[in-house]
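**Q** Construct all of the structure, not just a fragment, from the sequences and the given hints.
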Amino acid sequence: MKILSWFLVLAGVFGLIAVRMFEEPLFYDPFLQYFKSADKNAIFPLYDWGSLILGHLFRFFLNLIFSLVIVQFLFKNTRWTAQAAALIVIAFAITLPIYLYCIHTNFEIGYLFSFYIRRFVIQPLVLLLIIPVFYYRRKLEK
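All residue numbers in the sequence shown are consecutive under numbering that gives the first Met the number 0, ending with 141.
Calculated from the structure, these hints are not laboratory results.
Ideal Cβ placement from N, Cα and C applies to all residues, glycine included.
Careful: at least some of the hints might be erroneous.
[Said to hold, decoys possible] Restraint-style ranges between C-beta atoms, simulated for each label pair: (1) Ile108 / Pro131: 29 to 35 Å; (2) Val12 / Thr77: 19 to 25 Å; (3) Leu128 / Pro96: 18 to 24 Å; (4) Leu127 / Lys1: 41 to 47 Å; (5) Leu111 / Leu45: 19 to 25 Å; (6) Ile42 / Lys75: 48 to 54 Å; (7) Ile89 / Gly109: 22 to 28 Å; (8) Gln32 / Ile93: 36 to 42 Å; (9) Arg19 / Tyr46: 19 to 25 Å; (10) Lys138 / Leu45: 25 to 31 Å.
**A** Okay, here's the thing in structure tokens:
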């Protein structure tokens with residue numbers, strides 16, 4: 000059973016990698032090239048609000064599923080998996096409106112601020128915080 004758990008954790012990790020590798024064909028995001036150019040003087044891209052929001056929601060959903068698979072099979076605790084889901088959803092619910100505001104103002108709030116807020120929207124960064132916290136929590140419970 001331990002081998003199956005590690006296989007599923009690796010499947011979750013590879014799922015997250017696949018989301019990142021295939022981001023251009025999978026998701027509508029005209030800001031991919033904008034931020035890849037690493038030039039704050041680049042031309043602000045044209046975008047469609049509806050497609051942009053749906054693309055981010057779809058990406059979030061995929062990242063959430065793979066992240067929860069990792070948490071569930073690392074810790075084998077359904078309650079912790081639910082807590083991880085809640086934390087990830089809360090982080091997304093906070094950062095997405097901030098990022099959308101940054102887009103609405105053409106990143107006037109700051110190029111780097113917008114760049115890093117976007118990272119929290121499109122990448123599963125909260126997972127990198129949750130895993131060490133849960134390991135420490137498990138150690139305290141023993």
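**Q** State for each hint whether it applies.
**A** Hint by hint, here is what the structure shows:
1. The hinted window of 29 to 35 Å between Ile108 and Pro131 holds, with their beta carbons roughly 30 Å apart.
2. Take Val12 and Thr77: their Cβ atoms lie about 20 Å apart, and the range 19 to 25 Å holds.
3. Between Leu128 and Pro96, the C-beta spacing of about 20 Å keeps the proposed range 18 to 24 Å intact.
4. Remark: the range hint 41 to 47 Å for Leu127 to Lys1 is contradicted by a beta-carbon distance near 24 Å.
5. The given range of 19 to 25 Å is respected by Leu111 and Leu45, whose C-beta atoms sit roughly 22 Å from each other.
6. Taking the beta carbon of each, Ile42 and Lys75 are about 49 Å apart, inside 48 to 54 Å as hinted.
7. In this structure the supplied range 22 to 28 Å holds for Ile89 paired with Gly109, their Cβ-Cβ distance being about 23 Å.
8. Between Gln32 and Ile93 the beta carbons are some 26 Å apart, a value that contradicts the proposed interval 36 to 42 Å.
9. Taking the beta carbon of each, Arg19 and Tyr46 are about 21 Å apart, inside 19 to 25 Å as hinted.
10. A beta carbon spacing of about 50 Å between Lys138 and Leu45 contradicts the range 25 to 31 Å that was offered as a hint.
Hint violations for this structure: numbers 4, 8 and 10, all remaining hints satisfied.
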